[in-house]
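Reassemble the complex: the two chains are provided individually, in unrelated frames, and hints are given to aid placement.
Given next are the chains, with one letter for each unit.
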Amino acid sequence: MFKRLLFHLLRGNRVRFIVALLALTSGGAVISALLNLDLDINRKLSQEFRSLGANLIISASNAGASTLDSSVLFGESAMQTVAQTKLPGLVASPYLYLVANANSKTGQNVVVAGTWLDAVTRIEPWWKIAGDSSLSRGDLTDCFVGRNASRSLGLTPGSSVQLFYQGRSARFTVAGVIDAGGSEDSQIFVNLSVAQQLASLDNKIQLIQLSVPGSASQVRAAALRLQSAFSSLEVKPIPQITEAEGRLLARIRFLIFSTGLLILVLTALCVLATMAALAMERRKDVGLMKALGGSIQRVVRLFLAEVGVLASIGGVAGYALGMALSVWMGHRVFGASISPRWEVLPVTVILMLFVALAGALPLRLLGNVRPAVILRGD
Amino acid sequence: MFVRLLRESFTRNPRRKLLTGIALVLGMTVATATFTVAVDVGDQLAREFRSLGANLLITPQADTLPVEIGGVDYRPVDQGAYLPVSDLPKLKEIFWRHNILGFTPFLDVPVTGAIAHNAGPPQNFPAMLVGTWYSHAVPLADGTTFTTGASFTHPWWKISGQWFADGSKNCVVGALLAKTEEISIGDVLNLSASGRASASTVTGIITTGDAEDNAIVCPLVVAQDLAAKPDEFRQVLVSALTKPADALAIKDPNSMTPTEFDRWYCSPYISSIGHQIQQVLPGTQVQTIRRVAETEGRILSRVSLLLWIVTIAALIAVALAVGATSATTAIERRAEVALMKALGATNFLVSGLFVSEQLLLAIVGGGIGFLFGAGLARQLGETVFGVATSPRLVVLPVILIAAALVALIGSWIPLHRAANVSPAPILRGE
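Chains as they are written, first to last, in numbering that gives the first Met the number 0: chain A, 0 to 377; chain B, 0 to 429.
For reference, chain B alone in the conformation it holds in the complex (with noise of 0.2 angstroms):
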């Protein structure tokens, strides 16, 4: 008897259905879609800051200080300490290695250029060469291999010609002093220091806005070679995936409890990421690059909240929606409770009968919902970040019991209204 009269009910009148139906469906598409977005903008956005370049420096320990200016280091090469290269892929093994997204390795080296124009006898000039990679695969202990370089590092270094092939005896020229050394692609530089001497092919000149546009840039080797410093560097800069800092992350981590620690070490803050850093790799000094990684937190906590609030806002206005929909339809059938009731139907079984009605529709219409919102979350992700945002299994079962509460709500104040007045006026038409 009660289903029948639920199928009479669906069948008979299929229209009054449809409306709350659509109206759910679409509702519970713009849930989903907001709400999987809002989930995964925060990755998405920290990954698009490392456009930024990188968020850790790192130099070793008993370094003299360094004499840098616009990011160039004056001291001679006999000063200073310098690292290993071989110690390099440890970067990839600590606890947070999948979020080391590229690193870069620096040398500095004060050389002097000469280069041979059509007439008359070679000119010299003194030049900062900077030993670096652009793009060079690292093997990693678990024989895989890593490749990173500037082209990670630095995504806004520009280039008119062609980057050097790593290892190979070419080099990229700074725009300023290509002008003012009049160098174009294609001269070969010989480059001196302190009694070696190497010569490289110019296959680029770079524009970088920084001291490199007045610097020679060279595969790491052959600043490695003029500066008699086989396999080491003075710097490198790490490009890590980083969570906003929170309270945990200000804090000490010398004056945290255990279980306090623990979790510190186990959130990709920046901090703590430092910290696993400076435990492989000894001797050496991590710090953080402020400018970039303060920037980055704060914006980064700003605009999720933002989105965060947005998405409530738009949850509520499909509670209002929907909600308001389904007391549309609700109010349409009054006159069917009242006739229900004349007919002898306690309140139990009118209720029983609509709830039974909304839930079904919520839980259709919530299912086809979350189908939409899935993909629209997808397309919108792919629109944004050029990545398809994963539909999450985990919202499904919250967004049938969304649509289920505010089906039921939007439709239990009229009904209830119905109930409760006696049958007859209504039946009159009243």
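In isolation and in its complexed conformation, chain A is listed as follows (with noise of 0.2 angstroms):
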């Protein structure tokens, strides 16, 4: 009986019924919409940061990134260490300076920095290279020379510099040039173990930049696990970097969460004032059921169930279509997909009923509806 009367009454006003899932719908949609973007958003926007580049320095202890010193220098297997730390989505790069003379041993005086020529253009992903941008790490022969410093020794890519260092002496060719618009446009980056032979210091680098994905608070956590496997070494974030990142990312949160909050409160609104016109048009029935003797409880649990039906169809078709809202939004902004999240499912439901039920308390007018009122149509 009481399904019968819920399934007429569903049935019975198609145009009202269309209306109020339209508002649920749409309303669910771009709810689902934003908390499925806005759980990812922060791991999409720290991905786009680390084309800042190295946001973490591992260094000796008793220097700073600067001194041309030995007693700064310390050993390779640092790397080895860093890699054990398995942090995802890490990329580190070993570095060792020398100021050497270009093309004869009196010749211009060019930093030379010994790196790790793949992993090099992966942290410094602003980098413009004329010409052949991806090198091994085996390469030997091949270097990368600055825009000033290519400029400045009359280097193209496809030339060939020789590098003079206290009597011991490499040739490389020029694979790309640099433009970076820092320091590194007047160096010249070469593979590791040939700048170490050059400079007689076996296995010794200088320092490290790491490339650290995740918020400000990852960023640490990392630089605090990293510092834990290094005794001797100082493990420093780079403040220009992580405290920027952090500041804009919490911003641009904000923002996009205030704007979620607005349309959930307009959705709420709005559903609330077509279930209001909803229960105020029920007057009808309530009369002629309280006139056939149903009792007020039933009568209200009967609309109570219409509305859970209509929240619930809302909610869900809001989900689907708001996940397909989100993975276009993840395409057009990011060019990554967004997967749907299943959690948010029953979030947006549960949200929708909520509205849907605060749009319904007008019902509790219906307690003081007398029949005969009703039905005689004044």
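By construction, these hints were calculated from the structure, which means they are not laboratory data. Treat the numbers as computed from the prediction; the structure is a model and nothing was measured. Honestly, I wouldn't trust all of these hints.
DMTMM-like, lysine to aspartate or glutamate: derived pairs with alpha carbons at most 25 angstroms apart [stated by the list, open to error]: (1) B:LYS250 with A:GLU47; (2) A:LYS43 with B:ASP245; (3) B:LYS89 with B:ASP224.
Taking beta-carbon pairs under 8 angstroms as the criterion, some of the chain A residues facing chain B (in silico) [as the list claims (entries may be wrong)]: (4) ASN147; (5) PRO238; (6) ILE251.
Backbone N, C-alpha and C define an ideal beta-carbon position, used for all residues, glycine too.
Here it is, written out as structure tokens:
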């Protein structure tokens, strides 16, 4: 009997039913899309910030990153220790700097950085490289030359340069010219082991640059974990990047969150209005039911069941639409797919139920309905 | 007659109108707020990104190759070219002068520091002296002054103690150097470089995460005196407010058509600002600090796109919700339509009445919604960025038209159906 009544009510006024469903579905879609996006957005934006390059530096604890002093050197085995921490998404590259003379023993001074040529282009993705940008770690004869160094030494991709350091020398072919807009523009990047041979400092490095993905707190946690693996070395975050990143991320998230909240409030109020109208419309039915002896609880239960069915359908349909929307947004904005999350479904349905039931609040007035007045048509 | 009908309709049953009205006000509030924020957010975020520091580097063109590792130039002072400080105000004379938010000149001098500890003779140590401005008032050609320096371009520099006053004989010491040489606040450092000497009082210890951690930072004039380079500096870092690069920005200015060039020149791209700086400071090389500029541009365009999509989604939700509400109220009035038709009203009169009702509601609701929305956007801007978003009057007509459209479309379908059926069944209550 209850079910039959419910079914009849739902079928009774299709226009009204569709209108309420439309409001619930659209609200549910936008909310579930934003919820889904919000869960992913931090990760996606942190990834974008990684194009800022290294955010951690490992160096000897007795010196800054700048001193050209043999006391600040440490063993290359530190790179293995870094790899052993197995931090996800971590990229690291070792550096050994020396000031060599280019092309002759008394030639122009130029800073030579010995590094892993494959890792360095991943850590510094903003480098604009003219020529070949992908070199392997084992490549001993190729080098990258900074823009200013290439101009002042007359080098172009394909030409060769000989570097002299304390009586030793090594010859390299220029693979690419780097435009970075920083000190890299006047440096030459070569294979680490060749630089070590040139400087006669086997297995020694001066610093390690690391790029760790994640939020500011995740980066700090990674720094602590790395620090615990090294006793004599110091792991320092680069404050220029970590601070700005944390601040910007917080602002962007807050902005998207508050927009989502606005939409939620709006949807709630509009669904509320629709539901209130629906409840008022039902006064006639209630009058009739009461006249036939139905208890007010039963009448209210019936109406609540109707609202519940509406909200569940609206919530589920909204979730499906919202997931499609967020996947599309992920592609459009980040060029990466955002996977639908199932935990958003119950949240959406519960929110919609809550909103719809709040709209049914005027139902309390139904208790006051006097059947005779209503049925007379007053 | 028509006007009376309209007035009656509003005074007789205000509840129905109220529902649509409230939905319109709320919907338009959200629409105005999200739209205003989305329009402004690009500018605000770009300003926020300046906390990343400078995005342009200016060096003398005829310079020898810098021997720079970790941000410190190891060239002797007599090598390389310098720029005059008197040229710096020209940075605020370019076309996009208001987008130049700050600039800081630097002069690095290798010095020998000496500090007298309680017992024993002074200890000598080699160090890099970085001469710069912390907060310096630059007089501009138009008679105003512009305060700039590291406090604007390097906001992440942390200090314990106090910064030196501009031009004073004080200095601050990098944290690492202070640790190794046991320097503390209040100590007097004797600095000397190729025969010239100067005494500076340490007023603070700085942490920068960069080369300055191992250097002494002092007012630019002190470094100039020690290097015997009066009024000169080696490089200047400029923080400029820019627009994310697009297809036009990455084009080579030399291959542009005159119209393209004008458009490029009049857009605050990093490349066009660099070009304009180059024009006022001949003999310099203006480099884009790609690490900052690239990332900033990419994240900015992504976040703005994201916010626009969210705004459009919000607008669609608003349209559906308001449409649904006005449809709800329209359904209730089917009996009224039927009665009017039974009494001989033409379809034209009936629809005219409803259209004017909805339009009236939309204009009032949209107007109030615009006011609320502007207030909300202001509040939002203040909370997120600390800068109130100014209301945009351009949005008002857009909002009013949108409100009218949504209200009309929402009520059109049910009323249209009511107008087409014969009055008798509806009046009978079927």
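Checked hints:
1. Between LYS250 of chain B and GLU47 of chain A, the direct Cα distance comes to roughly 24 angstroms. Compliance with the 25 angstroms bound is thereby established for this hinted pair.
2. Of the pairs offered as hints, the one joining LYS43 of chain A and ASP245 of chain B holds, with about 22 angstroms between alpha carbons and a cut-off of 25 angstroms not exceeded.
3. Distance restraint check for LYS89 of chain B and ASP224 of chain B: the Cα-Cα separation of roughly 24 angstroms lies within the 25 angstroms cut-off, and the hinted pair is therefore satisfied.
4. Contact between ASN147 of chain A and chain B, as hinted, is supported at the beta carbon level, the nearest pair being about 6 angstroms apart and thus within 8 angstroms.
5. Because the beta carbon of PRO238 of chain A sits about 4 angstroms from the nearest beta carbon in chain B, less than 8 angstroms, this interface hint is met.
6. Here the hint on ILE251 of chain A is kept, as its CB sits about 5 angstroms from the closest CB of chain B, short of 8 angstroms.
Consistency with the previously given hints is maintained throughout, with no hint failing.
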